[in-house]
Amino acid sequence: MPALNPIALEVLWNRLLSVANEQQTTLIRTAFSTIVRESLDLACGVFDTRGQMIGQSLTGTPGHINPMATGAVHFLEAYPPEVLEPGDVLVTNDPWQTAGQVNDFTVMTPVFRDSTIVAYFANCCHSPDIGGRILSAQAREVFEEGLRVPITRLFHRGEPNEELFKILRANVRTPAETVGDLYAQTSSNAVGARSLLQMMDEFGLETLDPLADEIIHRSEQALRNALEDIPNGRYEHEVWSDGFEEPLKLKVAVTVEARDIHIDFAGSSPQSQRGINVVLNYTKGYASFAVKAVISPEVPHNEGSFRPVHITAPKGSILNCQEPAAVASRHLVGHFLPGLIFGALAPAIPDRILAGGADPAWMSIWRATWPKTQKPANFTLFQLGGMGARPTKDGLSTTGFPSGVGGVPAEILETQAPIFQRRRELRTDSGGAGKFRGGLGQATDFAHVGEGSWSVSAMVDRTQFAAHGLLGAQPGALGELELDGETAAPKTVLWMDEKAVVSMNLPGGGGYGDPLEREPELVLRDVIHGYVSIGAARESYGVVITYQGSPSQIVRLPHHYRLDRPATAQLRQARRHRHP
Amino acid sequence: MNSEPPPTPSPQPYRAGADIGGTFTDLLVVHRETGEFYIGKGLTTPEDPSLAVEAILRQVLADAGLSAGELRHLIHGTTLVTNAMIERKGARTALLTTQGFRDSIEIGRETRYDLYDLMLEQPKPLVPRYLRFEVPQRTLQDGTTHTELDAESVERLGRELAANGIEAVAVTFLHSFTNPAAEREAAEILRRVAPGLRVSISSDVVPEIREFERASTTLANVYVQDLVETYLRQLERRLLALDFAGGFYLMLSSGGIATVDTAVRYPVRLLESGPAAGALAAQAYGLAAGHEDLISFDMGGTTAKICVIDKGEPSIAHEFEVGRVYRFAKGSGLPIKLPVIELIEIGTGGGSIARVDSLGLLKTGPDSAGAVPGPVCYGGGGTEPTITDANLILGYLDPDYFLGGTMSLDLDGAQRAVRDKIAEPLGVSLEEAAWGIHQIANENMANAARVHALERGKDPRRFPLFAFGGAGPVHAYRIALSLGSPRLLAPLGAGVMSTVGFLTAPLAFDFVRSWVTELEDIDWQKVNDLFAEMESQGQVLLAESGLAGAEITHRRQVDMRYVGQGHEIRVGLGAGRLDATSGKELRTRFEKVYRELYERPGPPVAVEILGWRVASSGPTPRIRLRVEAESTDEATLEEARKGTRRAYFPEAGAYVDTAVYDRYRLSPGMCFPGPAIVEERESTVVLGPEARCEIDRDHNLVVRMPKAGR
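Protein chains in written order, with the numbering used here: chain A, 1 to 580; chain B, 1 to 710.
Check each hint, because a few of them may be wrong.
Stated by the list, open to error - 16 Å max Cα-Cα, derived EDC-like pairs, lysine to aspartate or glutamate:
hint, chain 1, residue 1, chain 2, residue 2
1, B, K707, A, D201
2, B, K707, A, E451
3, A, K499, A, D429
To be verified - Chain A is nowhere near these chain B residues, computed Cβ spacing over 10 Å in every case:
hint, residue
4, I39
5, L174
6, G381
7, N528
FYI, nobody ran anything at the bench for these hints, they're computed from the structure.
Glycine included, each C-beta is placed from N, C-alpha and C at the ideal position.
All chains, full assembly: derive it from the sequences and hints.
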């Protein structure tokens with residue numbers, strides 16, 4: 001291997017990342033479930049021979065990337081190199097070893113060059129069904145949540161492990177999709193391996209490990225350098241999630257000490273009786289993501305990104321649950337962690353972080369029967385609320401954060417299940433008011449096509465505790481889950497009659513800075529676009545706007561609105577006086 | 001496509017191609033048989049782009065002593081449509097949707113295209129929220145009507161839109177790709193109550209599933225329609241006034257060509273027609289030189305574009321993005337769901353800025369010094385070192401012969417910038433820094449090319465590289481080396497490659513029918529009828545364009561996948577009647593293509609077909625540019641040699657005396673070894689020490705590459 005000067009390193013590093021992107025492209029192109037191919041609930045990465053992640057694909061979701069990265073060593077322990085053969089592919093969905101729920105399958109493939117393993121590829125994605133209860137938070141033990149597959153061969157010397165596939169098919173509601181996705185995951189790794197071997201041939205690399213060391217070392221140093229920009233100190237914060245039977249407290253103490261950062265979740269609620277518990281691997285995933293995104297987003301993500309970040313949570317707490325805790329809806333708690341950590345760091349680095357956002361992606365599992373064929377349908381829908389406002393920009397509306405998952409077009413949903421989406425629109429006034437406004441949530445309604453009962457299990461949160469605003473800004477709107485106009489119970493399976501209408505209104509993000517300092521023209525623009533109502537412009541921003549067109553006209557253009565500057569100045573003056 | 005018409009003397013022996021770019025309008029007139037050609041170039045006239053076309057055409061014809069009546073075809077492409085979208089210069093446009101869904105185009109996919117950057121931005125829809133309207137109406141997934149269109153509210157809206165000066169409206173109802181009736185009815189009403197309003201309906205522009213992408217595409221179509229129609233009609237009038245009596249056609253993003261009427265109805269299909277033509281030129285040159293497979297590489301001032309041509313065909317994508325707002329990142333632009341010659345564009349061009357990042361690593365692009373202030377060596381006030389500055393330091397560019405000597409370059413300034421901003425912070429020498437910039441730019445482009453090829457399951461080591469664009473030939477040798485390309489082709493006239501491309505496309509029309517059926521249950525009679533119907537449509541359209549029956553060919557393809565997957569792959573199908581035995585063969589073909597792409601077989605489940613396609617085309621025109629005027633067979637290699645220059649080559653680890661050749665004096669059959677520099681007016685080819693170069697009969701510079709590996 002040639003000595004790695006900065007230029008050679010850059011060349012090889014870039015190549016490695018492009019290999020991981022190819023791996024991801026293949027996964028999306030070959031996937032069966034809409035969870036993978038539409039919502040991109042996945043992760044892809046390349047690992048050295050010691051199980052250290054050295055590169056990941058461009059997108060994906062931290063709840064998969066990081067637990068996959070830290071979980072790889074378990075595969076190496078279970079199947080050390082000497083027992084593996086070319087064509088072998090390993091799989092597990094063990095929550096404690098990988099991504100924290102039995103629905104997430106991690107598939108890992110060794111890459112052989114001649115007869116030696118030179119690297120591994122792994123990917124992780126969310127299976128549409130794994131048996132047991134329909135995904136909800138209702139289980140009391142992980143055993144109720146579906147089939148658990150310990151680290152096992154999925155393929156042996158290129159041949160499918162038919163015994164395992166037989167058991168899988170018999171246990172899940174969506175055998176074609178669950179098994180199809182496992183094939184897609186296998187293809188994804190195989191294409192990554194093909195390209196990696198081409199790269200090694202081209203550059204004459206016998207081994208990747210020296211390159212891995214250099215990549216990891218450089219990334220670690222870059223993160224440590226960036227940590228020096230944060231004033232040393234201990235920063236605390238707490239937030240509340242809806243929980244299941246009762247609200248949950250999530251508490252953090254972030255300690256920045258020179259070139260290390262310690263994140264401790266002591267003081268958080270104890271583990272729950274129900275399926276919203278988070279394994280430590282998943283806690284670490286979102287906590288380390290938060291540090292990286294806020295401190296050094298430009299440094300590629302790999303093993304080195306974890307090293308300066310020390311994460312602890314008390315055993316038996318909600319963020320470090322112990323077997324046999326139920327864990328199916330762990331994302332509803334885990335997705336709060338970046339916002340929690342940002343909240344703690346706000347006093348230290350206010351100009352670099354987001355206000356609170358909708359946080360947990362809303363995931364709902366719909367079951368219904370097609371009227372003509374009487375075939376059952378089982379569909380997993382993701383929806384995203386508003387992101388928190390930023391120090392210099394408004395928050396993004398209906399954009400996932402911290403997860404990287406995406407939504408689903410109504411036309412895809414309706415083609416895959418006998419469900420009728422009545423609306424999907426931005427929620428006016430749901431973004432927290434501030435000098436910069438929080439992103440908007442969305443308002444959605446669903447009905448059933450055909451006859452008979454149907455069900456939804458809505459894994460949603462932030463219906464009781466809003467996304468916080470920063471530096472004098474207001475919080476975002478609460479989320480709402482309604483059945484026929486009445487508040488319904490989140491995180492449980494709701495069985496409904498054929499005429500029922502389900503409303504899911506997603507939370508907005510919190511604002512950033514004092515709303516009275518927002519440029520009145522920006523408030524006017526928001527009113528013209530219907531992001532903010534005339535009433536809220538007055539109430540929240542102290543901006544007086546009148547609509548001057550006819551009440552009956554449909555087309556309402558910018559010139560139909562008038563910004564009353566003197567009245568605005570007066571109103572803002574009075575407000576400041578009231579809240580100095 | 002090999003059936004050339006018999007060589008009868010034609011009163012219209014010439015063909016013309018015209019490319020309107022953001023800055024320049026290029027024109028090329030070529031004799032169909034002899035290859036004699038004339039080039040015109042002038043500034044684009046943005047207020048009325050047809051003005052420049054006419055002026056340049058007049059000039060070229062006058063210089064050549066030709067008349068417009070001698071032109072058989074004029075084929076035209078333009079970046080006007082792309083620019084109108086990026087600069088938001090289209091019509092005042094509204095959107096009409098199914099009730100409850102006016103925000104689909106703003107909600108988008110709900111993902112972040114960069115996982116870690118908290119400051120990213122989403123692309124802004126073409127239509128602001130206050131111009132998006134809903135109407136009671138609902139079609140279900142199977143095409144049945146759940147709620148009838150409320151005609152009255154469409155009428156009211158149409159009147160109000162017209163009264164408020166709205167010029168265009170896109171209608172996109174849910175599931176209209178299955179049942180277009182409601183969209184058609186709404187369009188009829190709008191046209192009736194507001195005759196001046198332009199209306200595009202999504203079931204006509206792009207009848208495909210996914211409301212966000214369909215709406216985005218339909219909006220783009222109607223947004224630019226007025227601009228395109230006004231311009232094309234004007235150009236038609238100007239051509240008529242010149243006594244042009246040939247066929248006037250437009251190049252499409254897919255590389256096909258279409259009549260003015262089609263272009264006016266679907267102007268969104270003109271997006272990216274300039275870059276598409278560059279890829280077609282590469283295709284044509286490759287085929288002429290005996291290379292069915294190529295990677296085309298076009299590098300200009302701010303970006304590089306790369307396209308894979310496989311078995312004589314450029315790869316076609318079915319979706320692309322316009323106006324990416326964030327470092328050319330996938331996901332940061334407006335989606336357009338139409339076939340396009342698949343190019344990847346990356347932010348590496350001559351003006352890309354080099355810098356040392358927070359990891360202490362050297363990076364280039366995507367920030368660009370642009371035309372103003374430009375690279376440091378242009379002397380226009382630029383202070384950041386760019387790729388062009390590095391190339392100058394390395395001796396690849398002649399400070400006194402830039403753009404044929406019309407501009408001189410500041411070597412001292414370039415050296416200062418690279419030393420201060422790159423060499424010293426990295427602790428390396430000036431040459432190492434300049435070489436590093438050059439090499440990292442090359443690697444970025446080579447990586448992009450490699451991913452692009454591999455995403456299609458193509459091995460880049462099999463593919464010669466075809467380099468053009470102002471900066472392409474400077475970098476091509478190293479990129480070819482990095483990709484492991486067997487050959488490098490550098491054509492003469494790299495600056496007019498797009499106009500060449502316009503003239504290489506056959507007349508062609510594409511047809512598709514959606515019909516989802518499992519392979520097991522196919523009604524083969526219906527398949528035969530479908531294909532026959534599409535092929536006869538193609539036959540008629542091409543005959544109307546002046547082609548004889550024997551010149552027309554039809555190619556069949558089907559879109560297939562495993563039942564339950566979300567993405568299809570395209571599988572070719574032979575001609576002739578299909579029957580029950582065809583199913584088995586189709587499955588075998590599908591599995592083979594699938595495995596080539598994705599390395600592993602799919603699961604043991606049924607296979608389905610979703611789309612049935614026919615591409616009907618005429619013969620592929622042959623085009624060969626000939627440069628009789630400047631090179632003669634008597635010239636010797638010595639006479640073509642302008643002298644030597646000190647240039648840096650890493651193989652020597654130093655600057656070495658390098659032969660410099662005049663491209664216009666090199667003639668077919670000449671051979672010379674690297675290192676060498678070959679200069680023409682708009683570009684410079686740089687060749688490393690292991691290159692073996694030859695000028696082929698078409699005046700291409702063909703380089704045999706040393707074997708890869710380092």
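To see whether the hints hold, each was checked on the structure:
A distance of roughly 12 Å separates the Cα atoms of K707 (chain B) and D201 (chain A); the hinted pair therefore holds under the 16 Å criterion. Between the alpha carbons of K707 (chain B) and E451 (chain A) the distance comes to roughly 68 Å, so the proposed pair goes past 16 Å and is violated. A hinted pair counts as satisfied when its Cα atoms are at most 16 Å apart, and K499 (chain A) with D429 (chain A) does not qualify at roughly 29 Å. Chain A leaves I39 (chain B) outside its interface by the beta-carbon criterion, the shortest separation being 38 Å against a cut-off of 10 Å.
With a minimum CB-CB distance of about 6 Å to chain A, L174 (chain B) fails to clear the 10 Å threshold, and the non-interface call is violated. Once the 10 Å rule is applied to beta carbons, G381 (chain B) is consistent with being away from chain A; the minimum gap is 28 Å. With a least CB separation of 28 Å from chain A, N528 (chain B) remains clear of the 10 Å interface cut-off, as annotated.
Hint compliance for this structure: hints 2, 3 and 5 are broken, all remaining hints hold.
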